[in-house]
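Undergrad: Sequence:
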Amino acid sequence: MKIEPIGQVHAENGTFQLQIQPQYQKGLEDLQKFSHIQLLWWGHHSDTEELRRTLTCTNPYHGGPDTLGVFATRSPFRPNPLLLSIVEIQNIDLEKGVISLYWVDAEHGTPILDIKPYLPCSDRVKNSRVAEWCQNWPDWYEDSAHFDWSKVLVY
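As numbered in the UniProt record's numbering, residues 1 to 155 make up the sequence shown, in order.
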């Protein structure tokens with residue numbers, strides 16, 4: 001298997017941008033017609049032999065079980081640190097290959113693996129189920145910005 005980054009996250013001083021490498025910039029055509037994207041990125045700070053052996057997380061969420069299987073979490077510590085964020089597009093400069101975002105939870109220098117448009121018909125589930133310990137979390141992406149995550153996440 002071979003995966004090559006298509007770009008890099010720039011996150012500095014409250015500015016969030018995705019810089020796409022020149023050979024992939026043509027792939028941005030018509031992306032500006034979408035409001036949100038799925039951003040697939042590599043958790044390069046979690047890419048160590050030890051962290052890739054992580055199969056359980058101890059007490060990752062307040063109110064959750066003491067131990068959870070890594071696949072029941074959004075932890076970056078996992079066998080393959082492939083991470084996914086849904087982000088809102090602020091602007092796209094097709095000539096420079098830059099996607100400006102309002103915010104992203106990836107750090108500066110993070111390798112970008114892929115970008116896909118967010119499509120409600122395939123990316124939203126009407127009758128989903130979540131574990132009881134996270135049922136009080138926001139139902140919608142937009143509500144997450146105003147949710148007090150410090151009461152939920154154990155840092």
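No lab work stands behind these hints: they were computed from the structure. Glycine residues also receive a C-beta, built at the ideal position from the N, C-alpha and C atoms. It cannot be assumed that every hint is accurate.
[Said to hold, decoys possible] Using 25 Å as the maximum straight-line C-alpha spacing, the simulated PhoX-like pairs for lysine-lysine come out as follows: (1) K116 x K33; (2) K116 x K126; (3) K26 x K96; (4) K26 x K126.
[Said to hold, decoys possible] Beta-carbon label-pair distances, calculated as ranges: (5) T58 x P120: 31 to 41 Å; (6) R52 x Q32: 20 to 30 Å; (7) N59 x Q32: 40 to 50 Å; (8) S150 x Y102: 31 to 41 Å; (9) E49 x N127: 12 to 22 Å; (10) V152 x I86: 33 to 43 Å; (11) V154 x P22: 35 to 45 Å.
Undergrad: Compare the structure with each hint and give your call.
TA: Quick rundown of the hints versus the structure:
Of the pairs offered as hints, the one joining K116 and K33 holds, with about 12 Å between alpha carbons and a cut-off of 25 Å not exceeded. The hinted pair formed by K116 and K126 meets the criterion: a straight-line CA distance of about 21 Å does not exceed 25 Å. A C-alpha spacing of about 11 Å is found between K26 and K96, which places the hinted pair at or below 25 Å, so the restraint holds. For the suggested pair K26 and K126, the alpha carbons sit about 34 Å apart, so the restraint of at most 25 Å is broken.
Take T58 and P120: their Cβ atoms lie about 36 Å apart, and the range 31 to 41 Å holds. Checked against the given bound of 20 to 30 Å, the beta carbons of R52 and Q32, roughly 36 Å apart, lie outside it. Distance hint check: the CB atoms of N59 and Q32 are about 42 Å apart, consistent with the given range 40 to 50 Å. A C-beta distance of roughly 21 Å is found between S150 and Y102, which places it outside the suggested range of 31 to 41 Å.
The hint said 12 to 22 Å for the Cβ distance between E49 and N127, and at roughly 40 Å that hint is violated. Judged by the Cβ atoms, the range 33 to 43 Å given for V152 and I86 is violated: they are separated by roughly 18 Å. For the pair V154 and P22, the supplied restraint of 35 to 45 Å holds, since their beta-carbon distance comes to about 41 Å.
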